[in-house]
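Listed below are the residues making up each chain.
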Amino acid sequence: MIYIGSAGREYAVDAAVGDTVMAAAVKNGVPGIVAECGGNCSCATCHVWVSEEFAPIVGPPNDMEEDLLDMAVSERRSTSRLACQIRITKALDGLTVEIPPEQP
Amino acid sequence: MLRQDINELLTQTGPGTPMGDLFRQYWIPALLAEELPEKDSPPVRVKLLSERMLAFRDSEGRYGLVDEFCAHRGASLWFGRNEGSGLRCAYHGWKYDVTGQCVEVPSEADNSSFCQNVKLTAYPLVRVGDVLWTYMGDPAKQPGLPEFEFAHVPPEQTYTSKRWQQCNWLQAFEGGIDSSHVTFLHSGGLKNDPLFKGAKGNEYNMKDTKPFFEVADSEGGLFVGARRNAEEGSYYWRITPWVMPAFTMVPPRGDHPVHGHFWVPIDDENCWTYSFDYHPVRPLTTAERQAMIDGHGVHSKNIPGTYRPAANMDNDYLMDREAQKRGDTYSGVAGIAMQDASLQESMGPIVDRTKERLVPADSGIIKARQKLRKAAIALRDEGVTPPGVNPAHHRVRSAAVVLPQAESFLDSCRDAVTAIPGVPQSSV
Numbered sequence: 000m001i002y003i004g005s006a007g008r009e010y011a012v013d014a015a016v017g018d019t020v021m022a023a024a025v026k027n028g029v030p031g032i033v034a035e036c037g038g039n040c041s042c043a044t045c046h047v048w049v050s051e052e053f054a055p056i057v058g059p060p061n062d063m064e065e066d067l068l069d070m071a072v073s074e075r076r077s078t079s080r081l082a083c084q085i086r087i088t089k090a091l092d093g094l095t096v097e098i099p100p101e102q103p
Numbered sequence: 000m001l002r003q004d005i006n007e008l009l010t011q012t013g014p015g016t017p018m019g020d021l022f023r024q025y026w027i028p029a030l031l032a033e034e035l036p037e038k039d040s041p042p043v044r045v046k047l048l049s050e051r052m053l054a055f056r057d058s059e060g061r062y063g064l065v066d067e068f069c070a071h072r073g074a075s076l077w078f079g080r081n082e083g084s085g086l087r088c089a090y091h092g093w094k095y096d097v098t099g100q101c102v103e104v105p106s107e108a109d110n111s112s113f114c115q116n117v118k119l120t121a122y123p124l125v126r127v128g129d130v131l132w133t134y135m136g137d138p139a140k141q142p143g144l145p146e147f148e149f150a151h152v153p154p155e156q157t158y159t160s161k162r163w164q165q166c167n168w169l170q171a172f173e174g175g176i177d178s179s180h181v182t183f184l185h186s187g188g189l190k191n192d193p194l195f196k197g198a199k200g201n202e203y204n205m206k207d208t209k210p211f212f213e214v215a216d217s218e219g220g221l222f223v224g225a226r227r228n229a230e231e232g233s234y235y236w237r238i239t240p241w242v243m244p245a246f247t248m249v250p251p252r253g254d255h256p257v258h259g260h261f262w263v264p265i266d267d268e269n270c271w272t273y274s275f276d277y278h279p280v281r282p283l284t285t286a287e288r289q290a291m292i293d294g295h296g297v298h299s300k301n302i303p304g305t306y307r308p309a310a311n312m313d314n315d316y317l318m319d320r321e322a323q324k325r326g327d328t329y330s331g332v333a334g335i336a337m338q339d340a341s342l343q344e345s346m347g348p349i350v351d352r353t354k355e356r357l358v359p360a361d362s363g364i365i366k367a368r369q370k371l372r373k374a375a376i377a378l379r380d381e382g383v384t385p386p387g388v389n390p391a392h393h394r395v396r397s398a399a400v401v402l403p404q405a406e407s408f409l410d411s412c413r414d415a416v417t418a419i420p421g422v423p424q425s426s427v
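Residue numbers (numbering that gives the first Met the number 0), protein chains in the order written: chain W, 0 to 103; chain Y, 0 to 427.
Hints listed in this document are in silico derivations from the structure and should not be mistaken for laboratory results.
Wrong hints could be hidden among the right ones.
Calculated from the model, a selection of chain Y residues having no Cβ within reach of chain W, i.e. all distances over 12 angstroms [as the list claims (entries may be wrong)]: (1) Asn6; (2) Glu50; (3) Pro138; (4) Thr208; (5) Tyr306; (6) Ile349; (7) Arg368; (8) His392.
Below, in silico cross-link-like pairs of lysine to aspartate or glutamate (DMTMM-like), each with a Cα-Cα straight-line distance of 25 angstroms or less [to be verified]: (9) Y:Lys324 - Y:Glu202; (10) Y:Lys354 - W:Glu9; (11) Y:Lys354 - W:Asp18; (12) Y:Lys373 - W:Asp92; (13) Y:Lys209 - W:Asp62; (14) Y:Lys373 - W:Glu52; (15) Y:Lys209 - W:Asp92; (16) Y:Lys354 - W:Glu35; (17) Y:Lys373 - W:Asp62; (18) Y:Lys118 - Y:Asp129.
Derived, one-sided and incomplete: chain Y residues facing chain W with beta-carbon distance under 10 angstroms [what the hints assert, rightly or not]: (19) Leu1; (20) Leu357; (21) Lys366; (22) Lys373; (23) Ala377; (24) Gly382.
Idealized CB from N, CA, C, for every residue including glycine.
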């Protein structure tokens, strides 16, 4: 999968099926995903914008994630998700996400 | 964290603010009944939602809550004379009844109708239980009176106190739905407080410092469930109801009276904490009532003649480092109420939530903020009546139960979290 940093730099990463988009970034040293709470869906510091073509496959945020996106992130878009709540599947091969310039 | 714009939305409750309008949909505590004990009692200054008012009882014993200031030239009516079925300004003798209607302007000619056109802003003030409640919103939308159980059980079964808290209402309220601090901050109270100690549940509380939180919607707000390990195969659940906007209950302990709070904004940097204790099916014992008066449990020892706690920010809450070291109290501050208030006030008048770091144990707080925000916006944009306005939503209770691990806390506890007259609380 591919992470696009806020300065436009792309990070291509081999992510394992079953990992989360957050964990794959942290394991591969992708900057900009802070993940303060360690994947517990409570801090909103792993916010990403999912690319348009993958957004329908990734699906909508869950209930608690929805609250955090509403109240914590600086620029919520229709494709906003918390990376810790997206689990990698085969269908997400080639997934591209954009990392916002700031995490809460 | 919380975005700054949302922090402002949730913490500002003055006239015309979205959150202020939300609070003005509900009956809220204005003062204790003991503050106006008899007809023609001295008037009491009341500031709520950043509005300055005066509460009084006229010669017939009727309650009134009116603008504090005379319509003439703005002198405070607190200096006035409460006499002859009205409150008379001490400056030039203008007189008002409990509805705020001006009934006499002595300088005018006897046959003048001048005073008929003068009316102070006034709100209804109604006694339910030991509390005088007011509704500061649109009279056309005035809901039915509060039906919270603490205000409806017989007087010998209930006790309510209040204390001034020097911080924004939201950070005080958030402490009321945060079970995970109990194991730390109140560990001394679980051992020693006469209104807390001795319950089996306290042992689970102390053993498991990592509660797991599950939050469920209710008609009027939320049920926040905090799960701790109990015996093999079972969990100890503490269930805290929140009825919007600011009513919370603490899960009970053994057969102790059940307690809770109402967190009422005075202005954006101060709030009233109303603390109540009641037993659903029996009178409070003399010892229990005395303990409450003495400031144990959720109550505070106040400076006589005031509702300011004797331990307050000006004396560092009478911090006792030796007691902290010995473990009599965890923080060195005595009393459960002031342990909470000291830390909530220590955050500053309005905590900067853009700098906080939330963890999964804060999920109740995240849910409550979102619910408040959505309700305030739905009211502002579409006029939607928020949850908790309907008095039927008030009939909830806290509960403390041990359940098999496989059971959902809410499915198993529907009755336990419903206030049913004559039925005791569900408590461990």
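(request) Please flag the earlier hints that this structure goes against, numbers listed from lowest up. (result) 1, 7, 10, 11, 12, 14, 15, 18, 23, 24
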